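There are 2 protein chains.
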Amino acid sequence: MATRPGAQGCGFQDARAKAGLAMQERSCALVVIGNEILSGKIHDTNTYFAARELRAIGVALKRIVVVPDELEAIAEEVRYCSQRFDFVITSGGVGPTHDDITVAGVAAALHRPVVIHPQLEALIREHFGDRPNKAGLKMAEVPQGAVLIEGGPMIFPTVQIENIYMLPGIPQLFEGKLAALKSRFASDPYFMHAIYTSAGEGRIAALLDACLERFPKLLLGSYPRIGDAEYRVKVTLESKDRAYVDDAFAYLLELLPADVVVKTE
Amino acid sequence: MATRPGAQGCGFQDARAKAGLAMQERSCALVVIGNEILSGKIHDTNTYFAARELRAIGVALKRIVVVPDELEAIAEEVRYCSQRFDFVITSGGVGPTHDDITVAGVAAALHRPVVIHPQLEALIREHFGDRPNKAGLKMAEVPQGAVLIEGGPMIFPTVQIENIYMLPGIPQLFEGKLAALKSRFASDPYFMHAIYTSAGEGRIAALLDACLERFPKLLLGSYPRIGDAEYRVKVTLESKDRAYVDDAFAYLLELLPADVVVKTE
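Protein chains in written order, with the numbering used here: chain A, 1 to 265; chain B, 1 to 265.
What the hints contain is simulated information worked out from the structure, not anything from laboratory work.
Misleading hints may appear alongside valid ones.
It does not matter which identical chain is used: a pair holds within one copy or between any two.
[Unchecked claim] Listed below are the simulated DSBU-like cross-link pairs for lysine-lysine, each with C-alpha atoms no more than 35 Å apart in a straight line:
hint, residue 1, residue 2
1, Lys62, Lys182
2, Lys41, Lys182
3, Lys182, Lys217
4, Lys62, Lys41
5, Lys41, Lys263
6, Lys41, Lys217
7, Lys62, Lys263
Owing to the predicted nature of the structure, the values given are computational and were not obtained by experimental measurement.
Whenever a hint applies, use it, and build me the whole structure from the sequences.
Given below as structure tokens:
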């Protein structure tokens, strides 16, 4: 074991593991609101960005859902996720036009009315002058009880209600807002090893099973690739417990015939 | 009206509209199974590919969901979608390893047992010789009552059960299989116009509302963009009724101040 590289962490200390404490697990769901994604007009990149950012801070993203710009679809999905996961991030549908109904959908999810937030109204009056139009004032609407979080791009803050954070869908804004928010989601980090094999999945499947039998809490992934000259399968081993994943990595490497292991990480 | 370009169709005849028949609407959901997407290891491209392909053949994609490699999560989501939409396409989780549990999840969704399909078993025996290992035989498993659909890449057929089509997650295979299947999903086409404006959403929102009031069945989207020198908002108008969308397009163009319209499609 001493000669093997340690699992790759994510820039966090694994003090909790060293202290023998249970790893902290925080779960998240992403709800993307947007007909433009469902109709193929836009290639969503927010979910991939968020998946990587969340993983890097130890958050377990458990669900991504894209729903249309329809009140009941938004409300049902947000309610489902809010009840099951530690927090929910929404993307899109927060502008001033008819198809921006995320605020109404989230409010309906929580059985709350939509109200004008005085601080947002003041911001908008500052921006539009004393007489903002109806569309401008729509941007001041929030589910009753929402709080505002400053930070990130735009002077416009992020609206939070209960465990739900409503982010804009435009990628530059979504990314900036998430980067500004993420420290409040951070959890114990994941540690990962990877093994690349020249053998196909059919040949290594039983060995992966044996590894899981010995290390049942291991997060073990097997990802075949077509047309890559270097390897056929990438096997990933992950855990929040660094020693556990190091041991599982060593065990699986012993199980695998040496000639099928192309490289490890 | 005569001088305006007609709405862009999708290569289909709009004979149904000409005959005054109601447009055919078929709905679809995509269920992506994959921890690798939720953990940000892989940037899913199958959903964007499918969204465009389905739109081009007139199918209304109403929901995209990414769930983890967990039996209950797959079963619950597939059951939900199967009951609400005309058809369901799954992506991923159909290989021979421990994390490939889509067949079991779909079977659980429909309260059916998993069985060995004799035709798949014969295929696998042909491929592996007379003594396929356990992992090889796993590839012959299907929900009881499933049918096989030939075509596309790989000699391995697509497994269908009720309104659910189980596709492989590897992009080359997913795309080839979907292309081979899609004629069975085809519906009446959508027709689309687009208007690009130099005005922001706040300024045009009330005009979009007015257009929707006159054309309540219009699919009207408003997509702001940051950092594009040419325009600030792309407005899309769609319908399965070509005359309807042409009329709405003409109406909205009259409502918009001429100097904010950058270009139209």
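Cross-check of the supplied hints:
Both within a single protomer and between protomers do lysine 62 and lysine 182 lie at most 35 Å apart by alpha-carbon distance, with minima of 17 Å and 30 Å respectively. Taking identical chains as interchangeable, the C-alpha atoms of lysine 41 and lysine 182 lie at most 35 Å apart whether they share a chain (29 Å) or sit on different chains (19 Å). Within a single copy, lysine 182 and lysine 217 get their C-alpha atoms as close as 26 Å, which meets the 35 Å cut-off; across copies the closest is 40 Å, which misses it. In this homomeric assembly, lysine 62 and lysine 41 come within 35 Å of each other (Cα to Cα) both inside a single copy, at 26 Å, and across copies, at 14 Å.
Taking the shortest Cα distances, lysine 41 and lysine 263 sit within 35 Å of each other only across copies (18 Å), while inside one copy they are farther apart (39 Å). With identical chains, the CA atoms of lysine 41 and lysine 217 are at most 35 Å apart between copies only, with a shortest distance of 20 Å across copies and 40 Å within one. When the C-alpha separation of lysine 62 and lysine 263 is checked against a cutoff of 35 Å, the pair qualifies only within one copy, where the shortest distance is 29 Å, while the shortest distance between copies is 42 Å.
Of the numbered hints given earlier, the model fails none.
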